[in-house]
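Enquirer: For this one, chain A is given, so just place chains B, C and D on it according to the hints.
Residue numbers (the numbering used here), protein chains in the order written: chain A, 1 to 90; chain B, 1 to 90; chain C, 1 to 90; chain D, 1 to 90.
These aren't lab readings, by the way, just hints derived from the structure by calculation. Bear in mind that the values here come from a model prediction, so they are computed numbers and not experimental data. Heads up, some of the hints might be wrong.
Copies of the same chain look alike in the list, so a pair counts if it fits in one copy or across any two.
To be verified - Straight-line Cα separation of at most 27 Å, BS3-like style, residue types lysine-lysine; simulated pairs:
(1) Lys87 / Lys13
(2) Lys87 / Lys51
(3) Lys51 / Lys13
(4) Lys13 / Lys47
(5) Lys87 / Lys47
Number of protein chains: 4
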Amino acid sequence: MHENRDAALRRLKRLEGQVRGIARMVEEDRYCVDVLTQIAAVRAALKAVEKLVIDDHAAHCIEDALASGDRADQRAKFTELLDLLDKARG
Amino acid sequence: MHENRDAALRRLKRLEGQVRGIARMVEEDRYCVDVLTQIAAVRAALKAVEKLVIDDHAAHCIEDALASGDRADQRAKFTELLDLLDKARG
Amino acid sequence: MHENRDAALRRLKRLEGQVRGIARMVEEDRYCVDVLTQIAAVRAALKAVEKLVIDDHAAHCIEDALASGDRADQRAKFTELLDLLDKARG
Amino acid sequence: MHENRDAALRRLKRLEGQVRGIARMVEEDRYCVDVLTQIAAVRAALKAVEKLVIDDHAAHCIEDALASGDRADQRAKFTELLDLLDKARG
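Just chain A, same shape as in the assembly (with noise of 0.2 Å):
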């Protein structure tokens, strides 16, 4: 990665954290719906280090296949974007 790189690394070590938060609540007994509560923030912080990848992404990796020309780089980039599409959409 490239500009977000610390970024992302940032989210990551925080987003360990949570989950290791997650696991004292279940320790400790606390209320479930407290519980699914932090599971949906740690949901929500694993997509946002997913757009920073995705961005980066997009202005690198895509960004050198458009400038190298190589039609096959072009087309397994196309592909993989399309393979998470498909993903997303569930």
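Expert: Positioned in the frame of chain A, the structure of chains B, C and D alone reads:
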């Protein structure tokens, strides 16, 4: 659209009927959860039409952009896909 | 349905027209991404109808089950909601 | 939590390791799409933990509310589920 065109039109016709069917259920005061089940069915049908359009787009519009070597068009295609991915990620 | 009934029927009528509109776009060979944008609009409209039905269900069917003291009916209502949650979680 | 407690704790421990694994991939400048694949795996693992918590909640907290006959508690449980459904619908 191309090879998926007829299939998409057939599904859209059926989808239209399913939407009318939901309206009838509401008019007949059918049980809410049954109505919700039909709404989920329409959502699934809509997703199937969407998949036909995306696949057709990949096979034709994106391939044409690749074959053209037109970098601006290729970049536009990538940007469109990235926007679709962003929306699908919710 | 109750107070949300008319609003749901109006939205469903509009939704039906939107689906026909997508079919016309496909027939007129409109650009795929424009078709996908309309499909996303129908999905959003469908979600709004779903919300009307869920809110009506909560305000009436669930409240009636609560007021009845009928444990079997109450459990059935909980089970239905848990199923809806499972499907929504995808 | 009850019977799903240990399984949830095991999964959360593994999840923590997966998040650390993603951070390592970013530090090692691994290909963006491979990082995105791992993020999707963590999201799926998180969903599995969520399911364990929801099922435990249904089998115990909701059943206790049903058995108690306490209408206020029952209504609170319904409201919590409706909120979770709203969030899951996105």
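Enquirer: Report the numbers of all earlier hints that the structure fails to satisfy, in ascending order.
Expert: none
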